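Chains A and G, in that order, give the protein sequences. Heads up: the first sequence is residues 1 to 129, going by my numbering. Heads up: the second sequence is residues 1001 to 1364, going by my numbering.
Hints are computed from structural coordinates only; laboratory data are not their basis. Treat the hints with care, as some may be off.
[Unchecked claim] Derived lysine-lysine pairs resembling DSSO-like cross-links, with alpha carbons at most 30 Å apart:
1) A:K124 <-> A:K106
2) G:K1362 <-> G:K1086
3) G:K1173 <-> G:K1265
4) A:K124 <-> G:K1009
5) G:K1173 <-> G:K1362
6) G:K1086 <-> G:K1265
7) G:K1262 <-> G:K1362
8) A:K92 <-> G:K1362
9) G:K1262 <-> A:K124
Computed from a predicted structure; not experimentally measured.
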Amino acid sequence: MSVPEQLRYSEEHEWVAGLGGDDGIVTVGITAHAADALGEIVFLELQPGEGDAVEAGEPCGEVESTKSVSDVYSPVSGEITAINAAVVDEPKVINDDPYGEGWLFKVRITEEPGDLLDSTAYDKLIEGA
Amino acid sequence: MSAEPSPKKTPLYDVHQELGAHLVDFAGHLMPLRYASETAEHRAVRTGAGLFDLSHMGEILLTGPQSSAALDHALVGNLTPMAVGKARYTMIVAHDGGVLDDLIVYRLADQTFMVVANASNIAVVRAALAERSAGFETRVDDRSDEYALIALQGPAAEGILAARTDAPLADLKYYAILAGTVAGVDALIARTGYTGEDGFELFVSSGDAVALWRELAAADGVVPAGLSARDTLRLEAGMPLYGNELNAETNPFEAGLGRVVKLDKPADFVGRTALAAQAATPAGRRLVGLVARGRRAPRQGYRVVTSDGTPCGIVTSGAPSPTLGTPIAMAYLDSGAPETGLAVDVRGRREPVDLVALPFYKRS
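Let the sequences and hints guide you as you build the complete structure.
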């Protein structure tokens, strides 16, 4: 399973796109590795709504597959600017296209993100798992 | 270094790898959890046929003139009157009536029985059978490593198998077994399963497993299916899973399986005194079916609560049901719990559920 090079990753298997952009808004999702490990995702709930604050490393939702339930963690601190209503409606999109249509939410970053991994480091993390 | 021994590979390990299976350590065996979509695998079994590797299961043979007497003493069932070629669902319990394992016992010949045990309990069952049969003329042989077990389950299973065997499948009743050749491989063909569908379980020599698998997998409409699909299939069919609905702290009556305890059989048996007392006393809890109204699945260990939030039971298995389209669960409900207004505490939130009769799914 390839790990896209342009993204950054948390140890909780979320990806972050758009770091360093002009508007300070990043997109967050679940990695293909995590989606695959969970199995078919049947339920997604994101606790904070648009305009709410999230903090890096804090749970901000739940994702449920046929086999298990996991928390979703925000990999960055900031304010939620958008939630992907399409995946809340049809969570299986996360399995089908984790790095594209399956994005979860967007955050306007208020703090410089800390310990995110680059694709090489994340690849190592999941290889060792 | 891990203290755990590395998991065993079944004779079909390389095939699973080829198919890109998600392998997990299940009861000390590397088993396919799923190949692609567990929901598609589940549906294939309900509508066509699914192919399962169940080689982790234990096969323990009893041979000798007093084999049936030994089993009648060791197990809760009455095996002596069972005809050759038949099978029974039964249990082995501790002296206090707690369930050590649920089993299928096949009578292969007048003096030969095959006891099929859950992978996690092979050692316990083998030891208990050896100890309990000590006074009987029988030999207890754990043949688990020599047998591979391949199951073909689903409404299309009979047709697929019939095209590959001379064995008279049409005459093979549910819970019966016969010896035959399937795709050139010597097999014990049993009409048993754990999916709620018609289907077959094929016990073959480990060395023949790959050839038989490939032959069956090549048939039209056959989908390899993993443990994940097997779990939702058996849950829909209301079948208990050892470790979830059954364990050493559970007696057969609260699990709704009192019918398999033959208190009136001629033989005395281990656990009889305790089970007779349990049969005469109302159980403190009972196994029930729950259907969730929302989308959240009750999971093993979640609390069942009343409308005012009082705990009144515990979930033993739960998952989104592919057939029903809603989450379903089995749970132990305390006696005296209300039948309406129930909810399951899903990670701090009360999700309403309805009490239903088991099974959730019955084939038509």
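Okay, the hints, checked on the actual structure:
1. A:K124 <-> A:K106: Roughly 26 Å separates the two Cα atoms, so the pair holds.
2. G:K1362 <-> G:K1086: With a Cα-Cα distance of about 23 Å, the restraint between K1362 of chain G and K1086 of chain G holds, given a limit of 30 Å.
3. G:K1173 <-> G:K1265: Holds. K1173 of chain G to K1265 of chain G sits at ~25 Å (cutoff 30 Å).
4. A:K124 <-> G:K1009: 26 Å, holds
5. G:K1173 <-> G:K1362: 18 Å, holds
6. G:K1086 <-> G:K1265: Roughly 18 Å separates the two Cα atoms, so the pair holds.
7. G:K1262 <-> G:K1362: OK: K1262 of chain G and K1362 of chain G at ~26 Å, within 30 Å.
8. A:K92 <-> G:K1362: Judged against 30 Å, a Cα distance of about 28 Å means the pair holds.
9. G:K1262 <-> A:K124: 57 Å, violated
In this structure, the one hint that does not hold is number 9.
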